[in-house]
Amino acid sequence: MIENALKGNRLYWIWIALLLLVIVFGISAFSQQLRLGLSVTGLGEGVPWGISAMQFTFMAAVASVSVLVVLPSYLHDYKPFGNIVVIAQFLGASASAIALLSLFIDTGKPQLLLGLLRYATPFSPYSWAFFLLNGYVLINLVTGWATLGAERKGVPVAAWVKPLIYLSIPWAIALPVVTGFVFTPFSGNQWIASLLVFRLLASAFAAGTAVLLLIILILQRTTGFDAGTKVSDKLVLLVAYAGSLTFALIGVECFSRSQTSPLLWLSLLFGIVSLAVFFVPAWKSSTRWLMTASAGVIFSLWAEKGALLLYSSTGGMVAYTPTLKEVSMTLGVLAIGILFLTILLKAVVVVKRAD
Amino acid sequence: MNEERREFIKKTSIGFLAGIGVSSGLFLNFLLEKTDASLWSDKNIAGTTRWGMLIDMRKCIDGCQKCVDACRLAHNVPDFGNATHQIAWLQKSPYREVFPTSGEDFAGKERTGKSVPSLCNHCADPPCASACPTQATFKRFDGIVALDYHRCTGCRSCMASCPYGAISFNWKEPRPAIKAINDIYPTREMGVVEKCNFCSERLLKGKLPACVESCPEKTLTFGNLNDPKSEIRLLLEKNQTMQRKPELGTLPSVFYII
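Chains as they are written, first to last, in our numbering: chain A, 1 to 355; chain B, 1001 to 1258.
Keep in mind the hints are simulated off the structure, nothing from the lab. Here the structure is a predicted model, which is why all the values come from computation and not from measurement. Among the clues, some could well be false.
DSS-like, lysine-lysine: derived pairs with alpha carbons at most 30 Å apart [stated by the list, open to error]:
#1 B:1066 x B:1245
#2 A:109 x B:1179
#3 A:109 x B:1139
#4 B:1172 x A:325
#5 A:109 x B:1172
My request is simple: use the sequences and hints to build the entire structure.
Pasting the structure below:
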């Protein structure tokens, strides 16, 4: 199935070339960081983490979305989602891979990262995040690939796949929770800290479904793979619910803090405007509007993660501007994940269209 | 026949040795001496050791940097001369940065106008040690929160979780920025964190920490908090002292008289 990644039209190859270009820039920046240390980034005294950590949180959250497709499809036998289960699983695998790579480029000694497996401790949220993300990449790749293979041969999914799929459900919920604990020192205020994990869980489902919806709409336009209106309607509903909950919680933080980061206000503003599209019948039936609004929700929740980092763990706000090299590295990691996802989705589309 | 047996013995013994090598790598602990955890206590139990420090700000002279300099010299701490990449185990910071929640907003200049020596608090419940994913930051049997520079992956979880900002990261290659390298304490590499270690390498030789020894005013008192007869305990009994951000429940071992 994977050989289909080598066949494609002009648009496909332009897309691949673009991703490779971004990756090359990223690798070049990373090689400089290996030589000169993390001084090439905008981080420093009082600013331990930056946009790379932000991408880690965001992608760990997006990865958990597969549960919203897998759970209705496998536990409640909701048939329409059967069509996109594999896409959700591959999105879960790619997003976790991006999150892991973001951790990798953000460490001072990436060559020692395997020590995380050897000296793991249950007290460290970072340790948990590393374990869960690695496991999640594996589970989703294996189950997704097995499901796709069965679909291609027109046979039911093998019996050993199901327990793994059930395992992925609590696993997915644990991802945003654990990353939430990684970031609690940044919440600055104790009762906001207690809300943070819950908010990250809600925003994970909102951001994840928005990404999934966007992918399905793009596939519809570029490849002719149609998931069906039932699927997109359900996803719109999920974004609307999870999004409302998320922006209510972001609003609580905006209005209750004595000093709110401007990025969080931007996130709230963008989020509410984009979310409106998911409620108005005339707008949500237009593909173009839905794509724009999904992108809006994604941007808004990206900004929410950024706002988290602008609070200093010693109190107050920090001054942080990412450098160009840092941005190239982060985008490079993102491009690697998207390339990975593109190759996987190419196989999915070919199998689906052969049906 | 003989040749084959020889070959067999040779190969099995190589395999056996390799097996020992691998297992000692995987289970390092069985080669090491066990530490006796009962020697330490965060509760006040006589006979146990919990190193602590008392900083008497009534004696500290504003503008004096002798303790900071002694610390830099003793531990090969680099000086980059810029605030973003600075590395400090011990530094003198403005009162309000050290005690932002002390409720002394209206206190007079003689108390809050001075810059206060700030260092790792060697908390009895250290958030950095639990945040560390590789246990490179850990609590020793004598209460010192120590660091294994060879195990640190440079993830900076400890920096993010330390409410005192006491941990520094080597953003650049540190060696060129060390003025005079001594061979008493190892230098560090780029990409790892470092912080005050209460001069554990000096304690081993029965010496006091470098900062304590260097202060001409005897501002700093170092000793065992669990020994009722130690000088630090007598001072803690007689004076009103404070810790940094006690409300967080980290239980610092560094005390201040303001």
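Okay, the hints, checked on the actual structure:
Pair hint residue 1066 of chain B plus residue 1245 of chain B holds up; C-alpha atoms about 26 Å apart against a cutoff of 30 Å. For the hint pairing residue 109 of chain A with residue 1179 of chain B, the CA-to-CA distance comes to about 25 Å; that is within 30 Å, so the pair holds. The straight-line distance between the Cα atoms of residue 109 of chain A and residue 1139 of chain B is roughly 22 Å, inside the 30 Å bound, and the hint therefore holds. Only pairs whose Cα atoms come within 30 Å are accepted, and residue 1172 of chain B paired with residue 325 of chain A is accepted, the gap being roughly 15 Å.
The suggested pairing of residue 109 of chain A with residue 1172 of chain B holds, with an alpha-carbon distance near 12 Å, which does not exceed 30 Å.
Hint compliance for this structure: no hint is broken.
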